[in-house]
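All chains, please: the whole structure from these sequences, using the hints.
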Amino acid sequence: AQSVAQPEDQVNVAEGNPLTVKCTYSVSGNPYLFWYVQYPNRGLQFLLKYITGDNLVKGSYGFEAEFNKSQTSFHLKKPSALVSDSALYFCAVSDNTNAGKSTFGDGTTLTVKP
Amino acid sequence: DTGVSQDPRHKITKRGQNVTFRCDPISEHNRLYWYRQTLGQGPEFLTYFQNEAQLEKSRLLSDRFSAERPKGSFSTLEIQRTEQGDSAMYLCASSTPPGLAAQETQYFGPGTRLLVL
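Respectively, the protein sequence lines represent chains A and B. By this note's numbering, the letter at position 103 of the first sequence is numbered 103, and the numbering carries on one by one without gaps. Each position in the second sequence, counted from 1, maps to that position plus 1000 in this note's numbering.
Certain hints may be false.
Claimed, not checked - Pairs of lysine to any residue, SDA-like flavour, derived with a Cα cap of 20 Å:
hint, chain 1, residue 1, chain 2, residue 2
1, A, Lys58, A, Leu47
2, A, Lys58, B, Thr1105
3, A, Lys101, B, Ser1058
4, A, Lys77, A, Lys113
5, A, Lys101, B, Gly1072
6, A, Lys101, B, Leu1055
7, A, Lys101, B, Phe1065
8, A, Lys22, B, Gln1041
9, A, Lys101, B, Leu1060
10, B, Lys1011, A, Arg42
11, A, Lys101, B, Lys1014
12, B, Lys1011, A, Asn41
13, B, Lys1057, A, Ile51
14, A, Lys101, B, Thr1096
15, A, Lys101, B, Ala1053
16, A, Lys101, B, Glu1052
17, B, Lys1014, B, Thr1038
18, A, Lys101, B, Ser1062
19, B, Lys1057, A, Ala1
20, A, Lys101, B, Gln1050
21, A, Lys101, B, Lys1011
22, B, Lys1014, B, Thr1096
23, B, Lys1014, B, Glu1078
24, A, Lys69, A, Asn55
25, B, Lys1011, B, Ser1058
26, A, Lys101, B, His1029
27, A, Lys101, B, Asn1030
28, A, Lys22, B, Gly1040
29, A, Lys22, A, Asn55
30, A, Lys22, A, Leu56
31, A, Lys101, B, Ser1066
32, A, Lys101, B, Leu1061
Hints in this document: simulated from the structure, not taken from any laboratory.
The following block contains the structure:
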């Protein structure tokens, strides 16, 4: 079985400060990891993914994430937060033994204050 | 707009009625997924298709739920005899055929919000 944990329901940061949204995962095979963002009454928008290769993955809107196999983590980061980054963020995992099915975390609400 | 589209965006129905939702994937995507999302939770996998073949169904998909993708393009999700617990956002996503990674990025539609009274 595969699972995702996002340990923080809410993350609050000041505009211009760095942000981190945490994600840990559990899979039986090699992990495929994704971050999505959801704005109110909208579907999920893809931000970035890790499939293989470099542990540091760069994605849309200046976001990046670091894959850490030993800690089974895939934390989302941005060096300088914007007020417009305020949204709901989801981490998702799939693996190479269960292609097609992604398991999502329960989401982290990011609030960036001016 | 060439993204994933879903219709309707909102549906209010009375308990016991049947409802049907439609999803049109990105045209070159042969995989199509259905998820359900309730307030405060992430999307939960329901089922997915590769072309017209339904390859996996979650145990969440009770006998009252049925999904089809008859020509390998658009898909429908029908809920029969709706219950108040069916109230949720129903999300559709599509992806390209898997490459070496066996899992490609899923692109989501805006969702259909269902309210069962």
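Results for each hint:
no. : hint                  : in the structure
1   : Lys58/A x Leu47/A     : holds (9 Å)
2   : Lys58/A x Thr1105/B   : holds (15 Å)
3   : Lys101/A x Ser1058/B  : holds (9 Å)
4   : Lys77/A x Lys113/A    : holds (17 Å)
5   : Lys101/A x Gly1072/B  : holds (19 Å)
6   : Lys101/A x Leu1055/B  : holds (10 Å)
7   : Lys101/A x Phe1065/B  : holds (18 Å)
8   : Lys22/A x Gln1041/B   : holds (16 Å)
9   : Lys101/A x Leu1060/B  : holds (13 Å)
10  : Lys1011/B x Arg42/A   : holds (15 Å)
11  : Lys101/A x Lys1014/B  : violated (31 Å)
12  : Lys1011/B x Asn41/A   : holds (14 Å)
13  : Lys1057/B x Ile51/A   : violated (24 Å)
14  : Lys101/A x Thr1096/B  : holds (14 Å)
15  : Lys101/A x Ala1053/B  : holds (15 Å)
16  : Lys101/A x Glu1052/B  : holds (17 Å)
17  : Lys1014/B x Thr1038/B : holds (18 Å)
18  : Lys101/A x Ser1062/B  : holds (18 Å)
19  : Lys1057/B x Ala1/A    : holds (15 Å)
20  : Lys101/A x Gln1050/B  : holds (12 Å)
21  : Lys101/A x Lys1011/B  : violated (26 Å)
22  : Lys1014/B x Thr1096/B : violated (37 Å)
23  : Lys1014/B x Glu1078/B : holds (15 Å)
24  : Lys69/A x Asn55/A     : holds (9 Å)
25  : Lys1011/B x Ser1058/B : violated (23 Å)
26  : Lys101/A x His1029/B  : holds (16 Å)
27  : Lys101/A x Asn1030/B  : holds (15 Å)
28  : Lys22/A x Gly1040/B   : holds (17 Å)
29  : Lys22/A x Asn55/A     : holds (15 Å)
30  : Lys22/A x Leu56/A     : holds (15 Å)
31  : Lys101/A x Ser1066/B  : holds (18 Å)
32  : Lys101/A x Leu1061/B  : holds (14 Å)
Checked against the numbered hints listed earlier, the structure breaks hints 11, 13, 21, 22 and 25; every other hint is satisfied.
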